[in-house]
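K.L.:
Sequence:
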Amino acid sequence: RFAATLHSEWREGPPLRLLTCVEALDDCYDFEEAGGLFAEDALHWPISRLHAAHGVYVVPPHGVSVAEWEEGARASEPRSVLSRYAADESKAVALKQLLTSEEVASIIELGEEMMAVQAEDVPQSLDLFQDDAEIPSGIGNDELGRVEDYFHAAVEHRVAHLHRDAAFQHRLPRLLGRVLATVLATDAAHWRQLRGGAYGLRSAEYHTYTVGGSVSDPEHRDQGSLLTLVALLSPTSAFTGGSLLFS
1202 RFAATLHSEW REGPPLRLLT CVEALDDCYD FEEAGGLFAE DALHWPISRL HAAHGVYVVP
1262 PHGVSVAEWE EGARASEPRS VLSRYAADES KAVALKQLLT SEEVASIIEL GEEMMAVQAE
1322 DVPQSLDLFQ DDAEIPSGIG NDELGRVEDY FHAAVEHRVA HLHRDAAFQH RLPRLLGRVL
1382 ATVLATDAAH WRQLRGGAYG LRSAEYHTYT VGGSVSDPEH RDQGSLLTLV ALLSPTSAFT
1442 GGSLLFS
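For what it's worth, this note's numbering labels the leading residue of the sequence shown as 1202, then goes sequentially.
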């Protein structure tokens, strides 16, 4: 039978990991003969059942314990992006004292500067929304950006894109690096959305609100983002209301 040969190769050959699906190696049965195919008492197969729920079983390389193997497997698990429902059910984490007063002032200075620059390019009206407008079949990113800028210029709720022309990265690189390091550590402890895959800074936005300004649409999601960080830049004594809405 093949069991002794396989066990010898696993034990004496170069490092070899054995993976089976549906059944673990010591649970495989011979439909022609009684007993297991690889379950002889003389053979010892250390089997990881870490992913048994998915029908995957692993015999680690000889000399590597199951505990060691599973610890390494957990540390290198690929990213599993949360579904919309799972994301809505997940808990937000508060990061106390994330920014110093000097860092807050630096962000506000950059945000106001970017807002003034962007205001020069905001369209005064949108032909797209006129009754006789001919709406193009495929709206490109430039057109969508102009629509977004038009609404983000409203007095009640203004938005500046700090990532435009990599302004945030160039002006405040150390601050951005420290904040991202905090985000990575928090993600590793809670959601694990940034592990096992490429990621980058998709958007950095500076928001100002006056009475009546909000993003209150219950269907709003930051589509395309794995994680969102919201930082309060104003002291709580400077305003009333201003609730943070979670979907």
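No lab work stands behind these hints: they were computed from the structure.
Keep in mind the model is a prediction, meaning the values are calculated, not measured.
Cβ coordinates follow ideal geometry from the N, Cα and C atoms, glycine included.
Worth double-checking, as some hints may not be accurate.
Said to hold, decoys possible - Using C-beta positions, here's what the derived DEER-type ranges look like:
#, residue 1, residue 2, range
1, GLU1313, VAL1267, 18 to 24 Å
2, SER1281, SER1438, 28 to 34 Å
3, ARG1422, PHE1203, 32 to 38 Å
4, GLU1278, SER1435, 35 to 41 Å
5, ASP1366, LYS1292, 15 to 21 Å
6, ARG1218, ASP1423, 35 to 41 Å
7, ARG1218, LEU1433, 35 to 41 Å
8, LEU1220, GLU1321, 32 to 38 Å
9, ALA1367, VAL1323, 56 to 62 Å
10, GLY1425, VAL1323, 21 to 27 Å
K.L.:
Now, for every hint given, state plainly whether the structure supports it.
P.N.:
Hint-by-hint comparison with the structure:
For the pair GLU1313 and VAL1267, the beta carbons lie near 57 Å from each other, so the given range of 18 to 24 Å is not met. Roughly 41 Å separates the CB atoms of SER1281 and SER1438, a value that falls outside the hinted 28 to 34 Å. Hint check: ARG1422 to PHE1203, Cβ distance near 52 Å, so the stated range 32 to 38 Å is violated. One distance hint, 35 to 41 Å for the beta-carbon pair GLU1278 and SER1435, holds here, with the actual separation near 39 Å.
Range check, ASP1366 to LYS1292: about 35 Å between beta-carbon atoms, so the 15 to 21 Å window is missed. ARG1218 and ASP1423 have their C-beta atoms about 39 Å apart, which keeps the hinted 35 to 41 Å range intact. The hinted window of 35 to 41 Å between ARG1218 and LEU1433 is violated, with their beta carbons roughly 49 Å apart. Checking the proposed 32 to 38 Å range against LEU1220 and GLU1321 shows it is violated: the Cβ atoms sit about 60 Å from each other.
At roughly 21 Å, the beta-carbon separation of ALA1367 and VAL1323 lies outside the given 56 to 62 Å, and the hint is violated. Taken as a hint, the range 21 to 27 Å holds for the pair GLY1425 and VAL1323, whose Cβ atoms sit roughly 23 Å apart.
This entry does not satisfy hints 1, 2, 3, 5, 7, 8 and 9, going by the numbered hints stated previously.
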